[in-house]
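Those protein sequences? They're chains A and B, same order as listed. Numbering follows my numbering, with no gaps: position 111 of the first sequence is 124. Numbering follows my numbering, with no gaps: position 41 of the second sequence is 222.
Everything labelled a hint here was simulated from the structure, so no lab data went into it. Some hints here could point you the wrong way.
[As the list claims (entries may be wrong)] Which stretches of chain A does chain B cover? Using the computed rule of at least three CB atoms under 8 Å from a CB of chain B, they are:
(1) 98-109
(2) 119-127
[To be verified] The calculated DSSO-like cross-link candidates involving lysine-lysine, where the alpha carbons are at most 30 Å apart (straight line), are:
(3) A/Lys22 / B/Lys237
(4) A/Lys70 / B/Lys292
(5) B/Lys237 / B/Lys292
(6) B/Lys285 / A/Lys57
Beta carbons: idealized from backbone N, C-alpha and C, even for Gly.
Now for the letters of each chain:
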Amino acid sequence: NAGVTQTPKFRILKIGQSMTLQCTQDMNHNYMYWYRQDPGMGLKLIYYSVGAGITDKGEVPNGYNVSRSTTEDFPLRLELAAPSQTSVYFCASTPQGEGRAEAFFGQGTRLTVV
Amino acid sequence: GNSVTQMEGPVTLSEEAFLTINCTYTATGYPSLFWYVQYPGEGLQLLLKATKADDKGSNKGFEATYRKETTSFHLEKGSVQVSDSAVYFCALNRGSQGNLIFGKGTKLSVKP
Numbered sequence: 014n015a016g017v018t019q020t021p022k023f024r025i026l027k028i029g030q031s032m033t034l035q036c037t038q039d040m041n042h043n044y045m046y047w048y049r050q051d052p053g054m055g056l057k058l059i060y061y062s063v064g065a066g067i068t069d070k071g072e073v074p075n076g077y078n079v080s081r082s083t084t085e086d087f088p089l090r091l092e093l094a095a096p097s098q099t100s101v102y103f104c105a106s107t108p109q110g111e112g113r114a115e116a117f118f119g120q121g122t123r124l125t126v127v
Numbered sequence: 182g183n184s185v186t187q188m189e190g191p192v193t194l195s196e197e198a199f200l201t202i203n204c205t206y207t208a209t210g211y212p213s214l215f216w217y218v219q220y221p222g223e224g225l226q227l228l229l230k231a232t233k234a235d236d237k238g239s240n241k242g243f244e245a246t247y248r249k250e251t252t253s254f255h256l257e258k259g260s261v262q263v264s265d266s267a268v269y270f271c272a273l274n275r276g277s278q279g280n281l282i283f284g285k286g287t288k289l290s291v292k293p
């Protein structure tokens, strides 16, 4: 039972480079999310999606883009990496948006921009 | 707006000690409340939740009660183990989008 899978686990980028963080889930969840976790700051929502073809901005979307072409996949794109994007990124999914549902998280991607 | 405040860490306890991690929230309406745990090198996983006032969530010896009058959801465990060492996040959810609003996390270290 894979759940939510993120790749890569670690990455070092140079300033100005671009990359895509991959996220896939096998639970047929409609709702998916990207969060970033900075030391001592909890998790902040970057983008979310309520279903294939639908995405929306969260609290900290600047410098990121997303797409949702299938129910399973929700990649996060960094176009011009900046040191401020050094963080740990978590993808999550829930079966529906109603507030009581448990969120399932991937293991995270630790990104360093130098 | 919606927010979660939890006690600053790190918290260091001896095995079998009593644990309390305080969590208070600000939200309109009636949010659901959660505690998530993050073990070293892993993602977050749900520890327990409560969806309405006076509900008590419990799991693995941990408990938390949804107190609307004090807007609190404090996490407690009567006797901690070394294996409980982790970061604990309090969170709320009241949006139709289902996204969570997190506290900053509290790192717990339990010494043998």
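Hints, verified against the model:
no.: 1; hint: 98-109; verdict: holds (count 4)
no.: 2; hint: 119-127; verdict: holds (count 3)
no.: 3; hint: A/Lys22 / B/Lys237; verdict: 36 Å, violated
no.: 4; hint: A/Lys70 / B/Lys292; verdict: 42 Å, violated
no.: 5; hint: B/Lys237 / B/Lys292; verdict: 28 Å, holds
no.: 6; hint: B/Lys285 / A/Lys57; verdict: 10 Å, holds
Going down the numbered hints, you'll see the structure goes against 3, 4, while the others check out.
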